[in-house]
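Visitor: The listed protein sequences derive, respectively, from chains A and B. According to numbering that gives the first Met the number 0, the first sequence is numbered sequentially starting from 0. According to numbering that gives the first Met the number 0, the second sequence is numbered sequentially starting from 0.
No wet-lab data here; the hints were simulated from the structure. Take these hints with a grain of salt, some might be off.
Said to hold, decoys possible - From the structure, some residues in chain A lie toward chain B, with a derived Cβ separation under 8 Å:
#, residue
1, W27
2, W439
3, G441
4, E443
5, Y464
6, L467
7, L473
Claimed, not checked - DSS-like, lysine-lysine: derived pairs with alpha carbons at most 30 Å apart:
#, chain 1, residue 1, chain 2, residue 2
8, A, K191, B, K3
9, B, K242, B, K305
10, B, K257, B, K243
11, B, K154, B, K305
12, B, K270, B, K84
13, A, K35, B, K4
14, A, K191, B, K4
15, B, K154, A, K35
16, B, K257, B, K154
17, B, K243, B, K305
18, A, K318, A, K370
19, A, K32, B, K242
20, A, K428, B, K84
21, A, K84, A, K191
22, B, K266, B, K242
23, B, K84, B, K243
24, B, K67, A, K190
25, B, K67, B, K257
26, B, K154, A, K32
27, B, K243, A, K457
28, A, K190, B, K305
29, B, K270, B, K257
30, B, K4, A, K457
As the list claims (entries may be wrong) - Computed footprint of chain A on chain B; a stretch qualifies when at least three of its residues, placed anywhere within it, have a C-beta under 8 Å from a C-beta of chain A:
#, stretch
31, 16 to 26
32, 304 to 310
Heads up, the beta-carbon is just placed ideally off N, CA and C, and yes, glycines get one too.
For reference, the chains in residue letters:
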Amino acid sequence: MSWPKYSPMLFNSLEFGLFFPLVFLIYWIVLGKWVKAQNFFLLLASYFFYGWWDWRFLILLFSSSCIDFIIGLELGRVSDQEKRKGLLGISILVNLGILGFFKYYHFFVHSFVNAFTLLGVNFTADRMAIILPVGLSFYTFQSMSYSIDIYRGNLQPTRNSITFLTFVSFFPQLVAGPIERASHLLPQIVKKRTFEYEQAADGVRQILWGLFKKVVIADGCAVYVEMVFSDPASHTGSSLLLGGCLFLIQVYGDFSGYSDIALGSARLLGFRLMQNFAFPFFARDVAEFWRRWNISVTTWFRDYVYIPLGGSRGSIWSKVRNTFLVFLACGFWHGANWTFILWGFAHAVLFLPSLLLNRNRQYLDTVAAGKRLPSAPELMQMMKTFILLALVTIIFRVDNLGAGWIYFTHLFSSSLVSLPDLGMTNDFKALLVFMFLIEWQGRERQHALERIETQWPKIIRYFLYYLLLILISLYAKNGQTFIYFQF
Amino acid sequence: MGMKKFLLRFFLLASPIIAIVAFFSIVDVFMLYYPDVRTAPFQSIRFNGLSQNLLAVNLFSQQNADEKYNAFIFGNSRSRAFQGKVWCTYLDDECASFHFGAGGTGLYDAYKKIRYLDEVVDTIRHALVVVDENFLVLNTNSKELMQMTPPLVSKESKFLYYLGFYRLKLDVSFMWAYFDFLLFRTYRPYMKGGIVPPDFKGLFNFTNGDIIYPSEALIQADSSTYYQGLIDRGEFFSRPAPKKEHPVTETEVTQLMKIRAVFDRHKTDYKIIVSPIYDQVSLGAHHLRLLVEIFGETRVYNFSGKNPLTEPIGNFSENIHYRPHVGTQILEQIYGGE
């Protein structure tokens, strides 16, 4: 009998709906008194969660974790700077090597062949059938940051292998982040955890909202997005613009929904993961957007790429270079395709003016903080930022640069000044408005439904919970996978 | 203390959902556990979306000990034109047929079922394998739950398969329709997606797995109105339809050869029937050649393309399926001279 192939254990699946409560009960009720037993159990549960997709790749996860664990121990022991550099080099080489092989092999071979074809030299290269391990980009970055932090002296290595393996494989954030820092997560794994009702209840609310964003909003948008991106030539410019906006909402609903479920699940287990999305659609400019979008990845690139390159210190030229490098690297991290690189490039172009004018940190607060509604200029700023980002995100979605060209030439045509016609149902439009309203009222908190128990009457809260459950149930048929699993 | 409060509150919040899942499991709405509507507890409502494939496999596994099936029909929904009862009239007196065909399935499904039969029955005395090009090129398990090969046969995860049904069907619109019908016994148009109308004329034979599609009753009641309706809807497009090339794959070859090996082992009297399809597109030459090479010229009967069976629209219930009387004509052509 051949080993069956399954999709990853999706957070929006019944498999996870059975897996997680079981883990939760054993973790707290059976093992609640022994933190070491809890950690070992978490490790087993995490490996089971990952192996559900393909058990063979547990070997890769385990071996790459072991290498960083050993290198961490050595970095803690060795004081000779050259040796430390060498050890760090090995860690980076191994992690990037794994990532490069599994994620970028085809891209490089293909680009190499194409380059020679352009020079008039034709040859074919045998392609290996390489599967991209789920979550590889996330766990290699998390593991690599551990070695870098120890090298920099920001972190003491852990001597407990179970603790470290649990840190790398912690299932709520294993396959799509947030990418945790060892300095934040490791201490939480080591210390004794106690069950707190308020934390757990809030975790459930965050999971519920995450499921809504994923199942109702993101999967709902996917239908219209697929319609326009599969055949852009047959749609009007305004429909294509709307398609781009819906894709941006889809990515947000998908990825922030995943993050909310991850954070909520972790909270139920007594952990606090870093906030990964801070209501980015209410950003007033692109710089603010990047402080609110995929925070764990952007801060990773900031801390481990941008700042070592010199950051925003130095000459204008070095600022420009560093900005482009970090955005290009971020684009390339998303996938082995020129579209992702161009997407990173476009973001650098959008980001650069505010950096050069020293206005990249002018919006550090939350828009309309303490107020019910934004002012008209704030609303205009948010809308302008949203449209700009939607246009750039189109590049993220198209299959190749040629398809992107077709999309944009049809978008920027006379039909841009017309009413979009994607046949969006009124129900779905209402759901989009509903999502934005709930997100707006919660924008000053960690997630949209945080602390509503202190602000909303019980009857309204329960009405909202059941409404969300019903909506999730209504839209849950497709069971689409999460976009960010491919990264 | 906190945990107790949390679990209690969570249980209270989830209790309506738990109650519904429990109810649907006990009642076995999707007929996962009780294939026969006559033995399922409280089963009194019929649904769209029961898996014919699962129903057939469950039925077979429950009844084979008593019925001792020895003649089998394989194929996709087109195979429904062949009725086991009619087929047996051309075979020996001991014929006990079972219809394994299921909508949307392909060679993978038939291959797995034949391998399964090889394990569980004493003899596969007769077999009809009803194929077409789409059928031959489906060489992996379907991703669509309703068409997926059941785990008893595919040997894939039973747990995931059953979970899939709950995931697919436990939604509010379905449940609303279900309880509405359960309480008021009145069929309303909005229920269309979930509940089978009480006047539905389709028949499932709980002895041998044959299915008669509801269109048959409609055609027999008033064929001219039925066909005029289809013509008005543009159902009968001009033909022959453009041919789509599907290459022969290694998996297809392997699966066909393994089927042949099982038939040889059981000394099966088998016939490979290439379906007559409305589009009048002939089966790809390389597929046909492969069938002949593997099973032999005398075993393969090709009714695809333009021919007297595919010409009259009255031979089709729509542009996909040919009707039972066509199946009978084919059986007559194959067995009549023997």
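Visitor: Between B/K154 and B/K305, does the CA-CA distance stay at or below 30 Å?
Guide: 40 Å, violated
Visitor: Keeping to a limit of 30 Å between CA atoms, is the pair of B/K243 and A/K457 held or broken?
Guide: Distance ~60 Å between B/K243 and A/K457 Cα, so the pair is violated.
Visitor: Would the pair B/K257 and B/K243 pass a check requiring their Cα atoms to be no farther apart than 30 Å?
Guide: Distance ~26 Å between B/K257 and B/K243 Cα, so the pair holds.
Visitor: Grab the minimum C-beta distance from A/W27 to chain B and call the hint holds if it beats 8 Å, violated otherwise.
Guide: 6 Å, holds
Visitor: Is the straight-line distance between the alpha-carbon of A/K84 and that of A/K191 30 Å or less?
Guide: 34 Å, violated
Visitor: So, as I understand it, the hint says A/E443 touches chain B; can you test that by seeing if any CB pair is closer than 8 Å?
Guide: 26 Å, violated
Visitor: Given the hinted pair B/K154 and A/K32, is their Cα-Cα distance within 30 Å?
Guide: 41 Å, violated
Visitor: Count residues of the stretch 16 to 26 of chain B with a Cβ under 8 Å from any Cβ of chain A, then say if the count reaches three.
Guide: Result for this restraint: violated, n = 1.
Visitor: Per the CB criterion, is A/Y464 less than 8 Å away from chain B?
Guide: 7 Å, holds
Visitor: Please work out if B/K84 and B/K243 have their alpha carbons no farther apart than 30 Å.
Guide: 35 Å, violated
Visitor: Against chain B, is A/L473 within 8 Å by beta-carbon distance?
Guide: Result: holds, 5 Å to nearest chain B Cβ.
Visitor: Between A/K35 and B/K4, does the CA-CA distance stay at or below 30 Å?
Guide: 26 Å, holds
Hints 2, 3, 4, 6, 11, 15, 18, 19, 20, 21, 22, 23, 24, 26, 27, 28, 31 and 32 from the list above are not met by this structure, while the remaining hints are.
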